[in-house]
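J.: Taken in order, these protein sequences are the chains called A and F. Numbering of the first sequence is given in this note's numbering, commencing with residue 1 and proceeding in unit increments. Numbering of the second sequence is given in this note's numbering, commencing with residue 1 and proceeding in unit increments.
By construction, these hints were calculated from the structure, which means they are not laboratory data. It is possible that part of the hints are untrue.
Simulated pairs of lysine to aspartate or glutamate, EDC-like, Cα-Cα distance not exceeding 16 Å [to be verified]: (1) A:Lys-373 / F:Asp-73; (2) F:Lys-129 / F:Asp-102; (3) A:Lys-330 / A:Glu-305; (4) A:Lys-207 / A:Glu-182; (5) A:Lys-353 / F:Glu-25; (6) A:Lys-399 / A:Asp-352; (7) F:Lys-54 / A:Asp-370; (8) A:Lys-340 / F:Asp-73; (9) A:Lys-400 / F:Glu-25; (10) F:Lys-126 / F:Asp-102; (11) A:Lys-400 / F:Asp-19; (12) A:Lys-399 / A:Glu-316; (13) A:Lys-353 / F:Asp-18; (14) A:Lys-353 / F:Asp-19; (15) A:Lys-399 / F:Glu-25; (16) A:Lys-21 / F:Asp-19.
Ranges of calculated distance between the beta carbons of each label pair, as one might list FRET restraints [as the list claims (entries may be wrong)]: (17) A:Lys-313 / F:Ser-123: 35 to 43 Å; (18) F:Gln-40 / A:Tyr-264: 53 to 61 Å; (19) A:Tyr-309 / F:Ile-62: 54 to 62 Å; (20) A:His-83 / F:Thr-43: 50 to 58 Å; (21) A:Gln-16 / F:Val-11: 30 to 38 Å; (22) A:Tyr-309 / F:Leu-133: 31 to 39 Å; (23) A:Gln-129 / F:Thr-43: 25 to 33 Å; (24) F:Leu-133 / A:His-73: 55 to 63 Å; (25) F:Ser-123 / A:Tyr-247: 50 to 58 Å.
Treat the numbers as computed from the prediction; the structure is a model and nothing was measured. Ideal Cβ placement from N, Cα and C applies to all residues, glycine included.
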Amino acid sequence: MLDIQKIRADFPILNQKVNGKPLVYFDNGATSQKPQVVIDAIVDYYSRYNANIHRGVHTLSQLATDAYEQARHKIQQHFNAKHDYEIIFTSGTTEGINLIANGFAALLKKDDEVIVSALEHHSNIVPWQMLCEHTGAKLLVIPMNYDGELLMDEYEKLLSDKTKLVVCNHISNGLGTINPIEFIIEKANQVGAAVLIDGAQACPHLKPDVQKLDVDFYVTSAHKMCGPTGVGMLYGKEAWLRKLQPYKGGGEMIATVTFEKTTYADLPHKFEAGTPNICGGIAFGTAIDYMNAVGYDNIAAYERELLEYATKKLLELEGIEIYGTKDLNKKASVISFNFKGIHPYDVGTIIDKLGIAVRTGHHCAQPIMDFYKIPGTIRASFAFYNTKEEIDLMIEALKKAQMMLS
Amino acid sequence: MTIQEIQDEIVDEFSMFDDWMQRYEYIIDLGKSLPLIDEQYKTEDNIIKGCQSKVWVHAEQIGDKVVFTADSDAILTKGIIAILIRAFSNQKAVDILEANTDFIDEIGLKEHLSPTRANGLVSMIKKIKMYALAFNAKN
Numbered sequence: 001m002l003d004i005q006k007i008r009a010d011f012p013i014l015n016q017k018v019n020g021k022p023l024v025y026f027d028n029g030a031t032s033q034k035p036q037v038v039i040d041a042i043v044d045y046y047s048r049y050n051a052n053i054h055r056g057v058h059t060l061s062q063l064a065t066d067a068y069e070q071a072r073h074k075i076q077q078h079f080n081a082k083h084d085y086e087i088i089f090t091s092g093t094t095e096g097i098n099l100i101a102n103g104f105a106a107l108l109k110k111d112d113e114v115i116v117s118a119l120e121h122h123s124n125i126v127p128w129q130m131l132c133e134h135t136g137a138k139l140l141v142i143p144m145n146y147d148g149e150l151l152m153d154e155y156e157k158l159l160s161d162k163t164k165l166v167v168c169n170h171i172s173n174g175l176g177t178i179n180p181i182e183f184i185i186e187k188a189n190q191v192g193a194a195v196l197i198d199g200a201q202a203c204p205h206l207k208p209d210v211q212k213l214d215v216d217f218y219v220t221s222a223h224k225m226c227g228p229t230g231v232g233m234l235y236g237k238e239a240w241l242r243k244l245q246p247y248k249g250g251g252e253m254i255a256t257v258t259f260e261k262t263t264y265a266d267l268p269h270k271f272e273a274g275t276p277n278i279c280g281g282i283a284f285g286t287a288i289d290y291m292n293a294v295g296y297d298n299i300a301a302y303e304r305e306l307l308e309y310a311t312k313k314l315l316e317l318e319g320i321e322i323y324g325t326k327d328l329n330k331k332a333s334v335i336s337f338n339f340k341g342i343h344p345y346d347v348g349t350i351i352d353k354l355g356i357a358v359r360t361g362h363h364c365a366q367p368i369m370d371f372y373k374i375p376g377t378i379r380a381s382f383a384f385y386n387t388k389e390e391i392d393l394m395i396e397a398l399k400k401a402q403m404m405l406s
Numbered sequence: 001m002t003i004q005e006i007q008d009e010i011v012d013e014f015s016m017f018d019d020w021m022q023r024y025e026y027i028i029d030l031g032k033s034l035p036l037i038d039e040q041y042k043t044e045d046n047i048i049k050g051c052q053s054k055v056w057v058h059a060e061q062i063g064d065k066v067v068f069t070a071d072s073d074a075i076l077t078k079g080i081i082a083i084l085i086r087a088f089s090n091q092k093a094v095d096i097l098e099a100n101t102d103f104i105d106e107i108g109l110k111e112h113l114s115p116t117r118a119n120g121l122v123s124m125i126k127k128i129k130m131y132a133l134a135f136n137a138k139n
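Only chain A is shown next, with the shape it has when bound in the complex (with noise of 0.2 Å):
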């Protein structure tokens, strides 16, 4: 059980006023709020250790390197990954997205065939768009039905021997839906295509093991699970990582260089050109530290709770539509929703007056809004720091915005 009280003590910023009310925070899904450690390991960096990493013999660069590397190592265990090298530091999701991309722009043909999801963020359809158009190969698409869930008969049929990559998001950040990418990534597998799973949304809610799921690439950011902005990892396994050509050119990535020929360095720096976000990159570390200490089993456990609770609540809404599967055991605590005549972004500005904290449009998923054929939905995403007397203060103000909407 969590202390959920003890927890939001940790969270300076929930405990503050918006627009005169209580601040409700029911954005998670765009990003985390971060906790007091975090904060302080942020602040502790740049009072007592900046310097730049991997280069310097000096003590203060030594401090600096030793954390940025320890906090590789922390970022290695929790997801289970077989080396620290096998972990590379990117800027976030999107960056790990098309640092992979980039890469398999040297290794795909024309015809080759690249499988996405119905139900991804544009950062996972965009990239790999470009892609196919640089190098001549197709995109297909595994197609949802009406409650958002992937048709995995339909994803089996797409599978060839053409298929090179596919590409899936293991929450859905439109409605919540938790994939089944176990047997996605097995059936890739089955006919040699690597896999890349789009994490962003998921390891707020849940710890994957890459290594038990088999996975060739896992990718995340920190921010959504308690880390700073600006931040994440891209797992990638040993021999993909050898094989796929850096996408950066600089500083960190070479062994020897001159005018005639450069040579790269080993893994995980080849990946890492430049001056990295070193101060990121630890509290990246310390936020891995923080969520393990709540416990994702915790976590999880309490998420659902507020997920129950939510939509029952929800549901008595007049008019109210819920996006999604129905089945609360293939969701992560996000509630997308809209009211029958009433536009979202009506509904989320005057909710906002009320201090909730909610996103409104068409969450970077614009091909999912086209499929309910709706502008977009008003989302509620839930942390373990929420609580249900929160749910019954969105409750009242949605109740609210339908009285001066309609």
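For chain A, the structure is supplied; the task is to place chain F on it using the hints.
T.: Same frame as chain A, but now just chain F:
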């Protein structure tokens, strides 16, 4: 009435409201009363792409005046355009070009003026001024 006089009138009306709820209710009412744009003008060219709601603005010159019609799929956005149309429609192009938009701030909608705000109020004003600029160049 001049644009300035209309804007002063709008500011007067909004000064009667004590809180945001009354202001928003009024904007919603304005949105509901906005004469709709003719369907044929709901074209890609007339669309102002904000992130969140769709807005169409159409302009035509009648005599020496520019007349605007508009629509949006979100009611608050529609109410805000209704205010803009009241201020700028049926005015000479040159006057529209020279007019300032400080009254938006004075009626308590400053937050909607931020260029990063997803409702595109800044883009709406830009579009209105662009139409005026085009008509002014033609005259």
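J.: Each hint: holds or not?
T.: Do the hints match the structure? See the list:
Pair hint A:Lys-373 plus F:Asp-73 holds up; C-alpha atoms about 13 Å apart against a cutoff of 16 Å. Only pairs whose Cα atoms come within 16 Å are accepted, and F:Lys-129 paired with F:Asp-102 is accepted, the gap being roughly 15 Å. Distance check on the hinted pair: A:Lys-330 and A:Glu-305 sit about 14 Å apart at the alpha-carbon level, within 16 Å; holds. A C-alpha spacing of about 14 Å is found between A:Lys-207 and A:Glu-182, which places the hinted pair at or below 16 Å, so the restraint holds.
Taken as a hint, the A:Lys-353 and F:Glu-25 pair is honoured in the structure, with Cα atoms around 13 Å apart against an allowance of 16 Å. Distance restraint check for A:Lys-399 and A:Asp-352: the Cα-Cα separation of roughly 13 Å lies within the 16 Å cut-off, and the hinted pair is therefore satisfied. For the given pair, F:Lys-54 sits about 14 Å from A:Asp-370 by alpha-carbon distance, which is consistent with the 16 Å threshold. Restraint check for A:Lys-340 and F:Asp-73: satisfied, since their Cα atoms lie roughly 13 Å apart, inside the 16 Å limit.
Proximity of A:Lys-400 to F:Glu-25 is assessed by CA-CA distance (about 11 Å); at most 16 Å being required, the pair is judged to hold. Between the alpha carbons of F:Lys-126 and F:Asp-102 the distance comes to roughly 14 Å, so the proposed pair stays at or under 16 Å and holds. A distance of roughly 15 Å separates the Cα atoms of A:Lys-400 and F:Asp-19; the hinted pair therefore holds under the 16 Å criterion. Pair hint A:Lys-399 plus A:Glu-316 holds up; C-alpha atoms about 11 Å apart against a cutoff of 16 Å.
Distance hint between A:Lys-353 and F:Asp-18 is fulfilled; the C-alpha atoms sit about 15 Å from each other, no more than 16 Å. Under the criterion of a C-alpha separation no larger than 16 Å, the hint pairing A:Lys-353 with F:Asp-19 is consistent with the structure, at around 11 Å. The hinted pair formed by A:Lys-399 and F:Glu-25 meets the criterion: a straight-line CA distance of about 15 Å does not exceed 16 Å. A threshold of 16 Å between alpha carbons decides the hint, and for A:Lys-21 with F:Asp-19 the separation of about 14 Å falls inside it, so the pair holds.
The hinted window of 35 to 43 Å between A:Lys-313 and F:Ser-123 holds, with their beta carbons roughly 36 Å apart. A hinted range of 53 to 61 Å for the beta carbons of F:Gln-40 and A:Tyr-264 is consistent with their spacing of about 59 Å. In this structure the supplied range 54 to 62 Å holds for A:Tyr-309 paired with F:Ile-62, their Cβ-Cβ distance being about 57 Å. As the Cβ distance of A:His-83 to F:Thr-43 is approximately 57 Å, the hint placing it in 50 to 58 Å holds.
Range check, A:Gln-16 to F:Val-11: about 31 Å between beta-carbon atoms, so the 30 to 38 Å window is met. The hinted window of 31 to 39 Å between A:Tyr-309 and F:Leu-133 is violated, with their beta carbons roughly 54 Å apart. For the pair A:Gln-129 and F:Thr-43, the beta carbons lie near 27 Å from each other, so the given range of 25 to 33 Å is met. A C-beta distance of roughly 60 Å is found between F:Leu-133 and A:His-73, which places it inside the suggested range of 55 to 63 Å.
Checked against the hint of 50 to 58 Å, the C-beta distance between F:Ser-123 and A:Tyr-247 comes to roughly 34 Å, which is inconsistent with it.
Checked against the numbered hints above, the structure breaks hints 22, 25 and satisfies the rest.
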